[in-house]
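Could you build all of it, start to finish, from the sequences and the hints given here?
Chains as they are written, first to last, in my numbering: chain A, 491 to 756; chain B, -7 to 238; chain C, 39 to 274.
The hints are simulated quantities; they were obtained by calculation from the structure and are not laboratory data.
Accuracy of the hints is not assured; some may be wrong.
Which stretches of chain C does chain A cover? Using the computed rule of at least three CB atoms under 8 angstroms from a CB of chain A, they are [what the hints assert, rightly or not]:
hint, stretch
1, 77 to 86
2, 236 to 244
Output of the computed footprint for chain A on chain B, the stretches with three or more beta carbons under 8 angstroms from beta carbons of chain A [to be verified]:
hint, stretch
3, 36 to 45
4, 72 to 82
Even glycine gets a Cβ: it sits at the ideal position worked out from N, Cα and C.
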Amino acid sequence: MTLSIAEKSYLYDSLTASPSIRPDGRKPHQFRPIEVSTDFLPSSNGSSRIISGDGSECIVSVKAKVIDHTLSDEELIQVDLDIAGERTDSPQVETLMSLLNKVLKSGPGFEHSRLQLTERYSFKIFIDILVISSNCNPASLISFAMFSALNTTTLPKLISSFDDLKVEELPMFDDYDLVNLKLKSPLVFLLAIVGNNLIVDPDANESEVCDNAIIVTWLDGKIRSPIRTLTLNNSYSKGFDPTLLQKGLKLIEENAAAVLTALESS
Amino acid sequence: MSRFEIYSPEGLRLDGRRWNEVRRFECSINTHAHAADGSSYLEQGNNKIITLVKGPKEPSLRSQANSLKATMDVSVNITRFSKFERSAISHKNERRVLEIQTALLRTFEKNIMLHLYPRTQISIQVHILQQDGGMFASLINGITLALIDAGIAMYDYVSGISIGLFDTTPLLDVNTLEENAMSTVTLGVIGKSEKLSLLSVEDKIPLDRLESVLAIGIAGAHRLRDLMDEELRKHAHKRVIKASTK
Amino acid sequence: MNVQDRRRLLGPSNAKPIVFSAATDIQSSEPKKDESSSFILNSGLIENCNGSSLVEIRDPKVTQHQTSLITSVYGPRATKGSFTSQASLSIQLKNGSSEKYNTTELKEVSSFLVNVFNSVINLSRYPKSGIDIFIYILYDKVLSEESKKSNNISAILPYCISAITLALINAGIEVDDIATAGYYKGDVISFIKNGEEVIGYWKDEGNCESFDVALEHCKTEAQKFKNLITTHILEE
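So, in structure tokens, the structure goes:
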């Protein structure tokens, strides 16, 4: 769905108006409705499917494997992304994958040490993301799906002892009992800048005319890295006032908690 | 292989079915109305498959256009998490996947009235979220449903089924454990007829047993066709009611 | 000859074989103490391309990395296929140094740089054409101990931006302004119009508590790079 030059210009003018008028009548900080369902893949430890109102859809599976963390210092969470119709080495996929791996890097509030089983062994978590269809940048949608999947992930319950350095033994798990991992992963927000206005969750048409956009990561009430600017189109991209950057970060800080509660209640 | 009793003397299989019973079969169509022209979600046993059909649309490359009939392409995406153990490598461009794609293309080329849509392209995308034996057969069912949802003219349903041969007993609609333990045959049956549009044998099978395998396979495929037909009619009924109450 | 050989990757038509000059006395490579500038800018070194630059950052007191970047710009050159109303930009970043950078991360940086320069280059001036930029990290050494651990690519982003700007100017491609960037504790902010407009923000580390401080620091650093580039252009 490409817009004509006249349509774009009309859309740009209405978005830069004060207050901005969005084509679907949303407020600047309002998201599109999303639908989340979780735990539908019995062979994965956690799974979620998220559908946005415009038909963008993303499926996330979380699988765990026990590894000996004393042997290698690899990251305990690994993200793998597949966008339908895109090659795995296309710039879009690689950029997004690199970003998502950075989002899930261990840090205060999101410690990978939670995955440690015993002195010797840890769970390694594989997050596989399948984007079935997307009309605009799917970073935000993916992060919501990852959050719901990790939030509902269950792992086998350990019954052997934690200290296994002296006595060589493999970790033993309970036959039935599972423990909820309850790992709260950071959320990613996409914020578009149009003129002097900021709008969250831009749709495909709004992305076509925005000057610039910011990807912001949020965890536990705080903005954290990675943060990036990116342009969502070629024709309208230009610089913006530095104060907008501050305003944008504040806007996310104010509204992210509501998104978190919405995701948790699902 | 003797760890499991594939087929007990009492005539029960691992999951409690008898030799001539199919697995749980649930399907729905028009599941991704915004993303594609036709779509279906299919659960056959523990297989979970999403199928999207895009088209008939203008081909992305002019060279793909055929002035006599529509061009078709099928892409099968086996996700890394589809099996119980996560696969370390991606299944894209795997030889087996490419073979399945070609086989599916051949199966459906004969059954779609491609001559009605000249200079267009019909692309089919299949995502396998979970697999549990007889995947190839489930793909056929998923694609049939999605094509019907897209409103593309076809001669009849194509229903897929896989049958294993355990010693002398044919077992209908095999799961992973059975598939690994014996040689299997996959059929694509056209409608209620006894015509096959696909017959795929990847292992050895005694020729004198093939007839009984085909007989139960065709009967099973007819049953699946009925199940799909029932669901489609239910769906159509719902849509008509929705449209008339507006 | 208009026949294109599709089976091989050919070099540019005006490529020449390398001819080495006769060996001269080896010059001492020890840096002189009274070297006034820690930033060395050079442009137009590569003849095959439309514009090129060499940026070297040496002084360990000023920066956390010792880096040398070579950038070449090809274009605007005609693209095949249908008409497009504006030029398409591509940037490829390659690592030739001993520092280990993840290849997906390099791709991410490349696409960030494309984003930055999409808003600077006057793309609509060049319809149906492509501008290809290649940056090669010739040498890179992390100096400070703390950034050694994290193996962070952020710190060399400002150098990349300056190097591309210089190469673009050398190629004579129209830009809105001289784009430069500054780095401060994990934040990279790129500016145009004397720091009045931001064109890129990249943050890989830490929280976002002292954004104002970072903004000011980056602005002054970006200004410094801008002055260096302008003096270099004027000298030429």
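Consistency of the hints with the structure:
no.	hint	in the structure
1	77 to 86	violated (count 0)
2	236 to 244	holds (count 9)
3	36 to 45	holds (count 4)
4	72 to 82	holds (count 7)
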